[in-house]
Amino acid sequence: MVLVTEIKKNLYKDSIQLMRISQSIKSLGGVVEAAVIMATETNISYLLDLGLYDENKIQADNNDIIIAVKAENRDIAEEALRHAEDELLGRVKAFDSGKKLTGGYPEVNTFQEALRIAPEADLVFISVPGKHAALVTKRALEAGRNVMLFSDNVPLEDEVELKREAQKRGLLVMGPDCGTAIIDGKGYGFANKVRKGTIGIAGASGTGIQELSVLIDRFGGGISHALGTGSRDLRREVGGISMLRCVDLLEKDDSTEVIIVISKPPDPIVEDLIIQRINRCQKPVVINILGGDILKLQKNCRNTAATLEEAAYLAIKLSGIKTAGEEEGKNEKIKNLLADLKLQLSLLGPEQKYLRGLFTGGTLAYEAQLILKNGTEDSLFSNIPLPGIKPVKDLRRSEGHTILDLGDDLLTQGRPHPIIDPEIRHRFIRKESGDPSVAVIMLDLILGYGSNKTAVDDLSRLIKSLKGEKRKSPVFLVHVCGTERDAQNLSASEKLLVDAGAVVCESNALMAMLALKIINWIG
Amino acid sequence: MILKNQNSVINIGVSLFAEEMFNQGLKVVHVNWKPPAEGDSKVADILKRLAYGTKGGKQ
Amino acid sequence: MDLEKIKAANKKAVKAMMEAEPVLVGVKPASEVIPGMTKKTILHAAPPIDWKRMCRPMKGAVAGALMLEGLAKNETEAFELAASGEITFDACHNHSSVGPMAGVISSSMPVFVIKNTKHNNMGYCCMNEGRGKVLRYGGLGKEVLDRLKWINEVLGPALDKGIREAGSINVKTILSEALHMGDDLHNRYKAASALFVSRFIPHLFSAVEDKKIAKEVSIFIASNDYTFLNIAMPAMKTMADAGSNVDYSTVVTAMARNGTDFGIQVSGLPGQWFTAPAPEVKALYFPGYGLEDANPDMGDSSITETVGFGGFATAASPVVVQFVGGTPEEEAEQNRLMYEIVVEENPAFTIPVFNFRGIPTGIDILKVVETNICPFGHTGVAHKIEGIGQIGAGKWTAPIELFKKAVIAFSEKYMI
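If you read the sequences in order, they're chains F, R and X.
Number 107 in numbering that gives the first Met the number 0 belongs to position 108 of the first sequence; there are no gaps in the numbering.
Number 8 in numbering that gives the first Met the number 0 belongs to position 9 of the second sequence; there are no gaps in the numbering.
Number 293 in numbering that gives the first Met the number 0 belongs to position 294 of the third sequence; there are no gaps in the numbering.
Nothing false has been slipped in among the hints.
Derived DMTMM-like pairs (lysine to aspartate or glutamate); straight-line CA-CA distance at most 25 angstroms:
| id | chain 1 | residue 1 | chain 2 | residue 2 |
| --- | --- | --- | --- | --- |
| 1 | F | 130 | X | 411 |
| 2 | R | 26 | F | 13 |
| 3 | X | 6 | F | 160 |
| 4 | F | 12 | R | 18 |
| 5 | F | 137 | X | 3 |
| 6 | R | 33 | X | 329 |
| 7 | X | 366 | F | 164 |
| 8 | R | 26 | X | 339 |
| 9 | R | 3 | F | 160 |
| 10 | R | 26 | F | 183 |
| 11 | X | 366 | R | 37 |
| 12 | R | 41 | X | 3 |
| 13 | R | 33 | F | 85 |
| 14 | R | 33 | F | 84 |
| 15 | F | 137 | R | 39 |
| 16 | R | 47 | X | 339 |
| 17 | X | 412 | R | 44 |
| 18 | R | 3 | F | 250 |
| 19 | F | 12 | X | 329 |
| 20 | X | 6 | R | 44 |
| 21 | X | 4 | F | 160 |
| 22 | F | 195 | R | 18 |
| 23 | R | 41 | F | 40 |
| 24 | R | 47 | X | 343 |
| 25 | R | 41 | X | 339 |
| 26 | F | 8 | R | 37 |
| 27 | R | 47 | F | 60 |
| 28 | F | 12 | R | 44 |
| 29 | X | 11 | F | 141 |
| 30 | R | 41 | F | 160 |
| 31 | F | 7 | R | 37 |
| 32 | R | 47 | F | 13 |
No wet-lab data here; the hints were simulated from the structure.
Bound conformation, chain F alone (with noise of 0.2 angstroms):
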């Protein structure tokens, strides 16, 4: 076996066309491991993991990128870091022409020429590294157009900068860290394919507006738009400027009837300022703060809910749409799923008594925090921690339950992000599964755009495999976000992981509920 290694400065390429040569490469015969990468410390331990770590050979920093390769012999390893080279610099030709046409859509050097081609285009998407994002998006406002900001990691101030020029400019920003947008029916970022219909949406969390779009979906409802504003637009120092401006957009938008607002708990006077904002809107709004206040927002505005499925219920009830499946089912439901439970709980053992949550989208990971907080408070842990919570001390070893966010910025550095590629969840899934003291292991499985295209037949895969395993294994717990419209459809997918050993649930919230009750049960 040997590994070779080689250090490409000054070359920038993005996380996913990275991951793309890695697999490239790795398909070739003879090739055991391989990984092209930037040198980000999330990626040297990713390569630690791997066996691919050379220290000798390693002396890069974060804008060099490590091609790293093990192979059976020496000529493989060569010539597999040769054609990684190759397929690094195709794409840096010295004289890259201007318009290429290699996807079926015109490819351009620069946002100038981009405008020329395309002078109509009222909407910049953005999604370079987040300390670029200022003056990419500058541009795009210069030049008079609204922008989705997907970068993350992108300073406060630059984000303040940016949405106060917006503002007076009259244009919008998504973002930063806007993962989602639904427009006319059309998905920019990660989106389900969803019914179009008379619901807005005005979020400040990406997967919440998913979850949120999907069981409007699944409980008879449709979306006019759904537009983000970026995490912290309701912090004090940004002051909601982007929500407001949504607020406005979806109040004049003649296809919205309804509105839904969600978030996690803004800044005080920031919260107050989207209330009368929405007790003045010509159309009721759907209030969502989730893990706010709920008994102060009761008193202050009329539709209020504590979890993203009451929210999608309480907007299709005030769109007029009759829905089966109401709120008052979910009991029900949970005491159904328990019972098809039954015989795997009774099979384990009498040290498997945690839980612990995988999840790819931020806000999910939040809601199952809020959810689980009450009954098992001191032996929570997340790494994106509500208020009460602890924080996790060690990630590579879990203790208690923990709520682990595996999209969170800290561990996307220089990764793609899990819903792009799921690898780093299926590392997470091992070990916490061999882990002997786990009893549930929870999961969001988000479909829709972006999302990586085998992603529910690997997982399916890898539970299965995991249960068939002779040691007691966890319970697996699935929530598929995804509607029937999506590319890889909601019902196929969910037999499959039903077929794989694991319990699915219609919605996040039902999810973590179950997992509640399991544990205490188990406890």
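Following the hints, position chains R and X against chain F.
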């Protein structure tokens, strides 16, 4: 309507999203973005300061 | 606000570049016209460089010039003298001059005298020797020296007479017409040279009494496609200089290569050279030659790109691909990219295939670093051993390092 034109988008950064938008029938132009000065952060900061009119002062 | 000051300064600098009116007014020995020229001064292609670091072709050219000046009797003596410290080396650019390839100018050499009649600044360049074994490729030996002597004694004075007979020769009109005739005005000069020669010869014959000399001279200039290169280059130098020295301007006023380093100058940072190792040229080689034989990029001729010609007008010269490789479509795309990094389009010089769009003029270092699009052009490739000559032709791209350095220096000077 949220946008003046809801059928056309410019994508800057990761091409995966350009593909996903294009496959939905949107008109897409993809910008093969690279960091200014091939990643030199000093230069990137200067450009940013100029764009925003903020003062950096002597370094 | 800084950005506004920069925009205004750039507009001013490029306006001056475009309004310049370079005119050929005569031919004179370098010692008579070039500021700072002495008997022991050797000027060469920029940026400034020590004898130790000079590439072999340039060293060869220096040796040849020292022999021409009678300062050394043979190559060995010439090399010793050059290394001794007695010779003053400097870049042509620092003396209102330019020279193609090694660009060596010594005191007795006749130089074209260009005057920018709009702003009154001057520009100078040596004569073009033609093809084969020539000084600008480091060529040495009797053939080279004899030709140089003939240039000193016959060609120079004859041209001077003819030019003064004509009064002066307007350079801009020839450039403008040649651009519409398939010249790129860096590597392709057939049309410009033909236009110049056909208009100049009557004056030559009129002014030079010895018809044998007139015939010799006219055959020499007529058979050299690059005759006009050495007139256009100093003219473009005067255009660029007209735009230099503007406070807050980020416009490039010089780009040059000396076979070892590549250098640029910026209007708002007068007197400073920003340098980086000269990159390899992406070239098509003559049979029998390859990359391993090539000298790094060399010459002041990138002054043409500095004011919007050459690579910046290559779409007007599709034929150039026969020498440098590629296709006319690729050239046009490359040309289009250059519009992304400039301040203006010059209405006086237009590219027919772009619907008569003006050539992209005034490279902005800020745009270069933001877009990562670097100025490019075409060039002949010299053999790395002195005297062998041209072994191919291809494309150069200015290293981004130059523009990074310039932007950082700019931010320091103007406290950004």
